[in-house]
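Asker: Model the full assembly from the supplied sequences, consistent with the hints where possible.
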Amino acid sequence: MDFDEDELDYQSQAEEEFNEDNLTNEEYQLLHDLLPQLKQKLKTYNDEIHDENLKESLYYNYFEIEPAINELKSQFKKINMSKLAQLAKLRSQQRTAQSQAKESEGIKESKLSALAKSRSDQKVTQGNESTAILDRLSSSTTPKSQESINEPISSVFKKKKEQLPKPEPEIEKKPTLPNIQFDISIDDTILRKKPKDVSMFYFSKDENENKRRKLQDSIFNSITNLPLEKLNKTKENFLKPSPDDEVLSAQKSAFEGINSLKLEDKKREKEKEKSVVKTTKPFKKIDLDSELSSNPKYSKPQKSFVVIGHVDAGKSTLMGRLLYDYGIVDAKTVNKLVREAEKAGKGSFALAWIMDQTEEERSHGVTVDICATDFETNTTRFTAIDAPGHKDFVPQMISGVSQADFALLVVDSITGEFEAGFAMDGQTKEHTILAKNFGIEKICVIVNKMDKEQWNENRYDIIKQQLTEFLTGDDVGFKSDQVDFIPISGLTGNNVIKRDNSIEKFKWYKGPTLGEYIEDVKLENKVENLNTEEFYLSVHDVYKDKGELKVCGKVSSGYIKSGETIIALPSEESLQVQSIKVNKSVVDFAISGELIILSFKSSQLSNESVDQIRIGDLITKQNSSAKTVKKLIANLHLFNMDKPLLVGMPFVLFRNNSQVPARISKIIEITNGKKKKKVLHLTSKQDAIVEIEIDGNISLPITKFEDNKVLGRIVIRREGVTIGAGTVLE
Amino acid sequence: MQVKSKVKLKDKNVAVTLIPEDSEDLWYIYNLIKKGDSVSLLTHRNVKKGNQNNITKGNAKMEKILVKLKLTVEEVDYIASDQTMRINGKSLVQQEYIPLNSYHTAEVELNKDLTVLKDTWDEYDMKLLDDLCSIEKKADIGAVVFQEGVAHLCYVTNQMTVLQAKIEKSIPRKNNEYGTRDLDKAMNSFYNMIIASMLRHFDINKLKVIILASPGFLAKTLYERLIQECINLQNSGKENKQFQDIIKNKAKFLIAHSSTGYLQGLEEVINDPQTKKRLSDTKFLEESEVLSKFQKALNEDDGRAWYGLEEITKALNLDAVRYLMVSDDLFRSDDIEIRRHYIDLTEQAKNLGAKVYIFSSLHESGIQLNQLTGIAALLKYPVPDLNDSDEE
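Respectively, the protein sequence lines represent chains A and B. Just so you know, UniProt numbering puts 159 at position 159 of the first sequence, and the rest follows in order with no gaps. Just so you know, UniProt numbering puts 150 at position 150 of the second sequence, and the rest follows in order with no gaps.
FYI, nobody ran anything at the bench for these hints, they're computed from the structure. Take the hints with a grain of salt, since some may be wrong.
[Stated by the list, open to error] Straight-line alpha carbon distances no greater than 20 Å define the calculated DMTMM-like cross-link-like pairs of lysine to aspartate or glutamate that follow:
1) B:K166 x A:D695
2) B:K220 x A:E359
3) A:K546 x B:D184
4) A:K685 x B:D302
Being a predicted model, the structure only gives us computed values, none of them experimental.
Answerer: See below:
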C-alpha cells in the first residue's frame, strides 16, 4: 500500500462520525481493552476527561495509546486539583451513590444483590479503583447488602484520603475475579448521566477467551482466515462434484422420472437448469462457504434442543448464558442489554433479553414465543430453541418441542420454587409429558439456581430422586438411560460452559458441564434414509421481506433443493424455491433436521392479499402422501382429567406446530378397560381409537404415523391442560 | 318480545299473536312453531298481474305485493349467523293472485305481528311463551375471544351464541435477523382489525357486558389500546359517537383469561368464577354449571351421571334424578309422539322434584348435550348398573 492510499484511507476514516455502536466487534473489544490503560496514564494529568472523548481519541488514533494521549493533552488542560477540591469531589460522589441507594430501595431485591454481596467479600482489598466499582455496585443493590459493604468502604476511603496529596500509585488493573462472572458494575456508570469510569467487560486472557475469539472468527470470516493454499485446494475440490452432490444427483435423476408425469414438469425442468447455472457462477463464493459447512455435516453432527420447564425457572437466562459463553452473542450486545435491563429495574433479566425481544416479553419478564438460534461449536452444530414456560403459552412451547431432538428441562432448585413448578398445575410435568409425546429422545434435567442453594449436594439429590421417579414413571415413560442431571447456575454461569473451581461447596460434583453434555450427547442419526424419505417441512414462521416471501421451518424429513417446486398444504399453493438459507448463509440444498429459510417470489402467489401460507402449514413436494383432511382416526391415550372427554366436546388439536379446534365425532373402540355397549365419553387414563373431526371450515394436512413419525403425532388440550396424546392411524 | 293477544277461537284452538323484537325472539319462535301449525303474517309475494291470457303467454308483469297470508307450516328454518327465520307452507285462504294451497316462504320480520295457531299448546310451548316475555332474564353479552393471529367476535344471549366475525391474520415470529419489526407491525394491524370489527358488530349501549378473553396479556393490551384509541380520537377533536360510547361504557368491559383463542375458550370464560360474578344469574350460566357438574360425576364414574333415553327413563322410575338436562332439539321433532314422550318425561321429573333444564342447541353446552343423545341426568344417589339389564 503506498503513501497516497494511506492518506486517503486516513481521511475517509476521520470523516466518519465516531459512534461506539457502529464499531465492529473486534474494534469494540480492543477499545475496551485499551481504555483503562489510557485512563490510568491520564489520571495524574486530568481525570475529568469523559469516556466518550477517550474512546474517540483512541478510535482516531488507530487504537494506539501514545498518540491518543498526546491528542488528548492538546485538547484538555491539566487540572491541578487542590487537596480540598479533591476531597469535595469525593464527597459528592459518595453522596450521589447514597442517594442512588435510596432510590433503589423500592426496587425488589434483584439477583444482582447476591452477586454483589459475594463479590464484596473478595474485593475490598483491591484498592481504590475497585472501591469505586464496589461503591457503585452497592448503590444499585438493596440496603441490606449496602450495610455489609459500608464498613470496609469507609476504611478504604480513609486510606484514600491519606494518599491524595501525592500522585496515586499504579494500581494493578486486572481484577482477580473469577472469570465466570461478568462484571455488571459497568452499567451503573451508564445509568449516571455523565459516566466517569470505564465501561467494559472484564475478560481475563485465558484460554476461554482465546477460544471464544477463535470461534467468532470462524463464524464471521470462515474463508478469509484460511491459508491461501488451503483455500485453493478447497476451491479445486469443489469444482468436482462432492460426495453429496453425487448422491443427490442420483436422487434427482430418480425423481425426474416420476416428475415427468406432472403438468408442471417442463417449467420445473427449465427452472432447475437455470438454478444450476446460478449456483455455479455468481454465488461461487457463497457456494464455497455453504459447502464448507455442509461437508462437515457428516462429521459434525447436527443437534437441536429445546429448553423447557416451569415459568421463571431460568430457561431464557440459561439460553442467553449459553450463547454468551459460546461467544455467539458478543459482549457489546450483552452490555447494551444489561444497560436496558438495569434501567427497567430488572438486572437479572439481561441475559434472558437476548431471547426475549418483544416489548411484551420484556415488560412482563416472561417469554411468550419460542426463539430459535443456530450456533456451532468445535464438534457440533446446534439449533437451540428457547420455549416459554407460562401455562398460557404451551401452544408455542409445543411448536418448539416439535423441532427439537432433545430437551433441557430446567428446574428451579430454590426451596419452594421447585416444589411449585413440580406440583399438579406446575408446568414441569406438562412440559415433560409433551416432550415425550412429541418424540424427544433424551431429556437432561438442568438443576438451576444452585448458587442460591449454596451448591448443596443434598438438595440436588432430592430433586434428582423426585424427578427420576416421575420421568421414568408411568405418566411420562422415559427410560432411565434417557434422563440425565446437571446442576448449574445460569445467572453466574457456573457449570454451564465453564466450571468455577474456586467454589469449595461444589467440589462434590464430578459430572460434565452442560456444554460438555450437549456436545457429547448421543442421538439417533436420522440422515440415512434421506433418499427414500418424502420431503416435509412444517412452517414455523412466514414473513415478507423486500417483495420476497420467506418461510422458515425445520425439515422434518427428506431434502429440498433450490429451484424445486413445493406445495404448501392446506392451501395447495405451489411455489418455486428461489433460495435456501441455513445458518444465515445461502445453500443449494437442505436436508432433514436442518432449520432453513426458504424464499419465494411473492408474485407467484395466486392471491397476494391473502395469507396463503400460514404458520403451522406443511410444505411438501409433489406426490406426497400427506393429505388435507377434516376427519381423522387416531389412537388416543388420555391423561388425568377433571372432566370426561365427551363425544362432541371441543378441544384444541396440536400436530407438530399447527393447532386447530376439533372434537371427537365417534369413539370407535376403547382399547383398555371394560367395554360398554355404547360409549359416548372417555374418562381419565383410557386408551381409545377415535374419529376426530376438525371444527369450522379448517382442514389439516396430516400423515399417518407410520409414514412420518414427526407429523403423525397429535396432542389434544382443553382449557389450558394437556389431556391426551396419540398417533394418527388414518 | 311482546305477546299481543291470546284469543280462543270458535274451534277451541288458541291463537297467540306475537311481536318479535330481536333475533333471539326469532329463535324462540323457531322452537315454538311446529309442522302442522298455522300462522298468519304479513309477507311479500311476487305475483303476475294482468289477464289470464297474458299470464299463459308468459308476458305478464311481475309485481311484488304485500299480503297477509295464512299458512299451514311445512318447514321452519333458522339461520343463526344471518339471524333470519323463514316459514314455508301452503296458503290456507284464497286471495286475489294467490290460489289456495299455493306454496309460500315467508321471512319473519322483526316488529311485525305474527299469529300462531296450534291444535294443542303443551307445557313446553307454554314455558317458552313464559320465557320469551320476561325481559329481565335476558343477558346480552359481546365477547371477543382471541389469541395471536385469530380472533372470534360473538354475541351471547340466553338462547344462543352467535359468531359474528372471525378475524385471521398471519403473525410472524420473532426473528434473529429482523428482530421484532414485522411482529410488531403485524400485531398492530391485528389489534386494529379487532377494534374495527368490534365497532362494526357491537352496539355497546345495548350490550350488558363485553368480554375480552385471551391467553396471556393480550386481552389487557387490547383493552388498553381500545381505550387509548378512543382518547386519542377525542383529543384530536374528531367527534365520533361510537368512541364516546365506549369511553362512557368503559365499566362494561371485562378482561378474562382463556387458554385458547378459539370459540371454545368462551365456555372456559363463562365458567370462570370471576366472570360469573359479573354475569350474575343468567340462564345459560346455570346450564353450563349443571353440565360441568354432570361431567365431573361422569369422569369419576361413580354411577350418578347417565345419558340416553332408556337410562333416564329407568332412573326417573326409580325417582333418582336430581337434575334433568334435555336439549331443545328433542322437542323440535316432527313426530308428535316423540315430542309428547319427552314432554311427559320432563313433566314426570318436575313432579318428582327434579330440576329440569332445557338446553338451547345454539349454545356450546347444548351442542355437547346433543352429542350425548340430547338427554342426560345427574342422579341423587349412585345407580351403578342402569344400562346393564337391557343388554341381556
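Asker: Compare the structure with each hint and give your call.
Answerer: Verification of the supplied hints:
1. Straight-line distance between C-alpha atoms of B:K166 and A:D695 comes to about 13 Å, which keeps the hinted pair within the 20 Å bound.
2. This hinted pair checks out: B:K220 and A:E359 have alpha carbons roughly 14 Å apart, not beyond 20 Å.
3. Between the alpha carbons of A:K546 and B:D184 the distance comes to roughly 17 Å, so the proposed pair stays at or under 20 Å and holds.
4. Under the criterion of a C-alpha separation no larger than 20 Å, the hint pairing A:K685 with B:D302 is consistent with the structure, at around 16 Å.
Hint compliance for this structure: no hint is broken.
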